[in-house]
Amino acid sequence: MSQSVSPRLTALDALHRSLGATMTDFAGWDMPLRYGSERDEHNAVRTAAGLFDLSHMGEITVTGVQAADLLDHALVGNMGSIKPGRARYTMICRADGGILDDLIVYRLEADTYLVVANASNAQTVLDALTERAAGFDAEVRDDRDAYALLAVQGPHSPAILKAVTDADLDGLKYYAGLPGTVAGAPALIARTGYTGEDGFELFIKPEHAEQVWQALTEAGQEYGLVPAGLSCRDTLRLEAGMPLYGHELSTGLTPFDAGLGRVVKFEKAADFVGRAALEAAAERAEQNPPRKLVGLIAEGRRVPRASMAVVADGEVIGEITSGAPSPTLGKPIAMAYVDAAHAEPGPASSTGVCVDIRGSHEPYEVVALPFYQRQK
Amino acid sequence: MSNPKELRYSKEHEWLSAAADGVSAVGITEHAANALGDVVYVELPEVGATVTAGETCGELESTKSVSELYSPVTGEVVEANQDVVDDPSLVNSAPFEGGWLFKVRVSEEQQDLMSADEYTEFSGS
Chain W
42 MSQSVSPRLT
52 ALDALHRSLG
62 ATMTDFAGWD
72 MPLRYGSERD
82 EHNAVRTAAG
92 LFDLSHMGEI
102 TVTGVQAADL
112 LDHALVGNMG
122 SIKPGRARYT
132 MICRADGGIL
142 DDLIVYRLEA
152 DTYLVVANAS
162 NAQTVLDALT
172 ERAAGFDAEV
182 RDDRDAYALL
192 AVQGPHSPAI
202 LKAVTDADLD
212 GLKYYAGLPG
222 TVAGAPALIA
232 RTGYTGEDGF
242 ELFIKPEHAE
252 QVWQALTEAG
262 QEYGLVPAGL
272 SCRDTLRLEA
282 GMPLYGHELS
292 TGLTPFDAGL
302 GRVVKFEKAA
312 DFVGRAALEA
322 AAERAEQNPP
332 RKLVGLIAEG
342 RRVPRASMAV
352 VADGEVIGEI
362 TSGAPSPTLG
372 KPIAMAYVDA
382 AHAEPGPASS
392 TGVCVDIRGS
402 HEPYEVVALP
412 FYQRQK
Chain Y
268 MSNPKELRYS
278 KEHEWLSAAA
288 DGVSAVGITE
298 HAANALGDVV
308 YVELPEVGAT
318 VTAGETCGEL
328 ESTKSVSELY
338 SPVTGEVVEA
348 NQDVVDDPSL
358 VNSAPFEGGW
368 LFKVRVSEEQ
378 QDLMSADEYT
388 EFSGS
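Just so you know, the protein sequences line up as chains W and Y, in that order. With my numbering as the guide, the letters of the first sequence map in order to residues 42 to 417. With my numbering as the guide, the letters of the second sequence map in order to residues 268 to 392.
No lab work stands behind these hints: they were computed from the structure. One thing to keep in mind: the hints can contain errors.
With a cut-off of at most 30 Å between alpha-carbon atoms, the simulated BS3-like pairs for lysine-lysine come out as follows [stated by the list, open to error]:
1. W:LYS333 x W:LYS417
2. W:LYS214 x W:LYS417
3. W:LYS246 x W:LYS124
4. W:LYS417 x W:LYS203
5. W:LYS333 x Y:LYS331
6. W:LYS214 x W:LYS124
7. W:LYS333 x W:LYS372
8. Y:LYS370 x W:LYS372
9. Y:LYS331 x W:LYS372
Derived coverage of chain Y by chain W (criterion: at least 3 residues anywhere in the stretch with Cβ under 8 Å from a Cβ of chain W; other residues may be distant) [claimed, not checked]:
10. 299-311
11. 328-339
Please read all numbers here as calculations on a predicted model, not as lab measurements. Think of the CB as a built atom: it goes at the ideal place given N, C-alpha and C, for glycine as much as any other residue.
Next up, chain W with everything else stripped away, as it sits in the complex:
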């Protein structure tokens, strides 16, 4: 089988280049990493607003009279209980309970759902949903090319979006989505994000991406909106304690291992894929958890990176899953899975917890996640 190795380009590729973006390969897509200073972009999202192109995300539409039944069978959450116009964070697991991906599912209408998968897992999720759809009166449709996805995130994002839409944003709650018009283009307007701030994600047709981007840029000028790349998206979600597939989540972990057992709804009637294995995982997590996901804050200035060892008293007690300098805290931070015995919060002086950074054991404070929570 021959496959093209050239990266996929979003509808805004030329625009990113005209803005001087540093581009990076992400899951086969050529995406903006940063436009200028990633720290400035991060701070703009925390204090004003940032505009992201997230068109690499994988959209899958599920329709049909049994769409809800199919998703209740295929995913770990209670999809039938989502009210039309609302969204939910959930996961898709293997029969052995391992996480295939984490997802946001929007119920657009009673029999229409939009499933948004990570770019790196979109094909896997599409294949799994298609396979699990057997016997259900529902259709699974690959809509990756049907949408461009823009996100405007930050405290000023409601004011900015209001300037270019008539949609009732005040009535749009967190994790809700409604159809509307943005800068003249039909859009699904969702109050979701991956930054820890208030914000919106706009699912639009690729041919409208540029006009929507330009209109938001113009409307955002007086509010300090800046284009923002994937680099700051990663530090924003890390500060907010949000997991990233391939880092905190993998097929080797169940949602309970990741501290996200709350997304698994055993009370739903459907016999969903992974139920038996996840029941066992839930019990294990309750009685004898092997490792726990914790936050680490550096006492020094060297930055921990994914896969570095966490040590205490010379013994390896865990592993870093994500690490970066935190612009908000002004210190390096990380998420790590550590042995349950070392998961209690405390400074390095009492816990002895260090990160092995290229041979040097740097002291780290253990904290509960998240590192950052916005004032509501």
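Given the coordinates of chain W, assemble chain Y onto it according to the supplied hints.
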């Protein structure tokens, strides 16, 4: 961007100033600083340490990555830039000036240092 004519450059994207009383300053180029992104941590060789041309003598850490600092010369370190240790963003904002990294009493230079024009061609910027 333009690479100052009075400096010479290594393939590892360090610059070396002309020696004054046998002492040269070392930094990284604007091209390298841009490629790194926001520098958040700088580890420099200590004053009195001997650095060797072509070998690592410190590290520069940015949001996304860490990269080794190579010395373009052999010699004794006579000064490390404490300003850049305290405020690593100087490497991004003034790579050829306030963002210099350390000064060294040169005993031997790397053989293949480039002129500004050669480095501009080498780095593509």
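Violated hints, by number in ascending order, as checked against the structure: none
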